[in-house]
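There are 2 protein chains.
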Amino acid sequence: MATTTKQAYTPLNEQTVIELSQELDLFSDYSSLEVNEIGDGNLNLVFRLVEPATKKSVIIKQALPYAKVVGESWPLTLDRARIESDSLKKFAEFSPEHVPEILYTNNELAVTVMEDLSSHVILRKGLIDGVTYPSLAQHIGTFIAKNLFYTSDFYLHPFEKKRLVQQFTNPELCKITEDLVFTDPFYDIETNDYPAELQDAVSELWNDATLRNKATRLKLKFLTHAEALLHGDLHSGSIFVTEESTKIIDSEFAYYGPQGFDIAHFFANIAMNHIAQRAHIKDKEKRAEYQLYLSGLIRDTWNTFTDTYKGLWRNEGVELATKLPGFEDEVLESIFTDMVGFAGCEVIRRTIGLAHVADLDSIADFDEQILLKKKALKLGRDWVKNKQRIKNIEEFITSIRSV
Amino acid sequence: MATTTKQAYTPLNEQTVIELSQELDLFSDYSSLEVNEIGDGNLNLVFRLVEPATKKSVIIKQALPYAKVVGESWPLTLDRARIESDSLKKFAEFSPEHVPEILYTNNELAVTVMEDLSSHVILRKGLIDGVTYPSLAQHIGTFIAKNLFYTSDFYLHPFEKKRLVQQFTNPELCKITEDLVFTDPFYDIETNDYPAELQDAVSELWNDATLRNKATRLKLKFLTHAEALLHGDLHSGSIFVTEESTKIIDSEFAYYGPQGFDIAHFFANIAMNHIAQRAHIKDKEKRAEYQLYLSGLIRDTWNTFTDTYKGLWRNEGVELATKLPGFEDEVLESIFTDMVGFAGCEVIRRTIGLAHVADLDSIADFDEQILLKKKALKLGRDWVKNKQRIKNIEEFITSIRSV
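Sequences listed follow chains A and B, in order. Heads up: the first sequence is residues 2 to 404, going by our numbering. Heads up: the second sequence is residues 2 to 404, going by our numbering.
Please note that a few of the clues may not be correct.
Copies of one chain are not kept apart here, so a pair can be met inside one copy or by any two copies together.
As the list claims (entries may be wrong) - With a cut-off of at most 20 Å between alpha-carbon atoms, the simulated SDA-like pairs for lysine to any residue come out as follows: (1) Lys285 - Phe160; (2) Lys386 - Asp330; (3) Lys375 - Tyr31; (4) Lys176 - Ser96; (5) Lys311 - Asn208; (6) Lys324 - His121; (7) Lys324 - Glu191; (8) Lys126 - Lys147; (9) Lys176 - Thr55; (10) Lys222 - Leu325.
Rather than coming from a laboratory, the hints here were simulated on the basis of the structure. In this text, all values refer to a predicted model and were calculated from it rather than measured experimentally.
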């Protein structure tokens, strides 16, 4: 891996990004290099560089020192580039096939050069379009199980675990989750964003003291339980897919947190797609078929996750806890219960909070959009409040299917 | 506060410690300075320096790069001197009256210069001698409540909380607790230390699968729950007392952990003294009276702790959780339940683990010592296994009194 001398941060442009690629010796012919900035400009610059003769391409991603959301802009640490590349490298130790290859990082410039995944599509888009991905459950279940187990106290020496907790201390990005996922949607706070037609449902939610209590307890878990290295934002927009390949990206929210968090976000986003399909697929039979695929995706992901986790526990467990009869079942039960609660928070915040999902927002028929968002809110509330009553993955799936 | 230039670590001796005191301008007349090394030589050098003319005295404590226990010696990080002085300074922000004043620290030399507390006695000695301390409950309850609340997410900005978690990352000392408190006593591991007469009770304990399961769950809390800055080793040997003054020392085990931990260790050590008094105070009436004092000490400490904690919560809570009706009661209930479990582990490990307590070990009548240690073991097991069944401080006290 090449290294360059330490430089002061300055945003790249189409000229300097070519110079950087030259410095890193990424291509052979720089005169014909095609450069496109394909980021949305709100958080990062994302340059795609292609050498036409060889078809060789790379992505050069650079964090911007601010975040822009719906016109608002606030400063945001460049350290997130380090967190993202460090976590992708850590995940690559366990699942190299499920993360983009990192070719170069420069923490001062907040730059990461990585494999170009433009042969893939963003999972959220694929799901909205009703595409099925036969290997996705297997890939995500394995990816999460390995990340959790291999970075936990069950596997790591406590010194190494504590070193990683320090390395992945991520206050600014965690604060975004603490606010936008666990706090703002449960209070009348200006970051919330929902149409007036949802006001009754939102007011009811804000007046639900039990819900607020349970969401707060989940927030405290997020704040204090340093169990394993999480991706931290594993929704369907952080996953690139093809029929046979799954790549996880955008891990700048990575930190040590509660084990149930990542799988919760994945499931919550599948569930919202499931709800939204009532609007997207008009043909009833086709819709039923696709929703069955989505249920199966959740079931298979969970079962792959638990099977993989148990296998690692049995074969590679180091901490004496892994030798206790049945202890892994208790751990997995507690991951499951946390998962239901965290998934509930994610569904609620994606419906009425600052950051929405295209699955629901793209529903053209406004009345139907409102109706389905109300259903999503109801499901999210149920998960947060009654997470202990949902006992297993089948009951979780039933709760989605009976929306 | 004086600063000296960075020096390589070398253990102090009676000559160099005077030179250091001179460099720091601690006294006016160095020719007549009295120096005594009063440490036990197992972990730290502890020099007491007295200027006879003025009666001025200070303690100069230096960590040694190893730990010695019963002849064994193993390397141990000098960073514990930093942890100790940093945590004492942090505690002094909330309770300056309950920690020794820190006059100087040097992390390279692992040296701390602090207030001399030789007017005080170690609480364990006082309790073994049957002395009562009328302000102790008030002091300890307040000290713990302030430490927990002011270093928690309920009060601190999440950036500051996470900065402190990093600052007090303490892998080597935590590992000692992970091993000696939560692991070794529950397995046939060579660090354990108990007379052959306890073998039956110990074997029964090792065969108790439920106990091992519950102890492991407590260990996982210790490993993963970064709730508040703990002293980390708050037994009666870490507390200096007079009739009206209470000073907490030896906080080299400080780290961010579960809130119930410190008060558990304090109570466990009071409980072991309570059990041991059957041997120490022969006069039945006097013994009953002293044991009543010890019960009251636990009750008053707990009530002071909860009252103080609730007051801080009400008046200084920042996190929105502190505005939720009744939420502080849920937090305190969960601290209480954790406390019972952690206290159980402490009683067990002090009875059969590597590090014992003089309260029990000093019982001259060997048969009685064995009998009382068996009772202590039974109590510890009950606390670890049935912590959820003990609902409040009165039931906790009853469990001690009915030993």
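Hints and how they fare:
1. Lys285 - Phe160: neither (55 Å within a copy, 50 Å between copies)
2. Lys386 - Asp330: Between copies only: 19 Å across chains, 23 Å inside a chain, cut-off 20 Å.
3. Lys375 - Tyr31: neither (53 Å within a copy, 80 Å between copies)
4. Lys176 - Ser96: Neither: 28 Å inside a copy, 29 Å across copies.
5. Lys311 - Asn208: neither (41 Å within a copy, 24 Å between copies)
6. Lys324 - His121: neither (41 Å within a copy, 46 Å between copies)
7. Lys324 - Glu191: between (50 Å within a copy, 19 Å between copies)
8. Lys126 - Lys147: neither (26 Å within a copy, 51 Å between copies)
9. Lys176 - Thr55: neither (43 Å within a copy, 54 Å between copies)
10. Lys222 - Leu325: Only across copies: lysine 222 and leucine 325 sit 17 Å apart there, 25 Å inside one copy, limit 20 Å.
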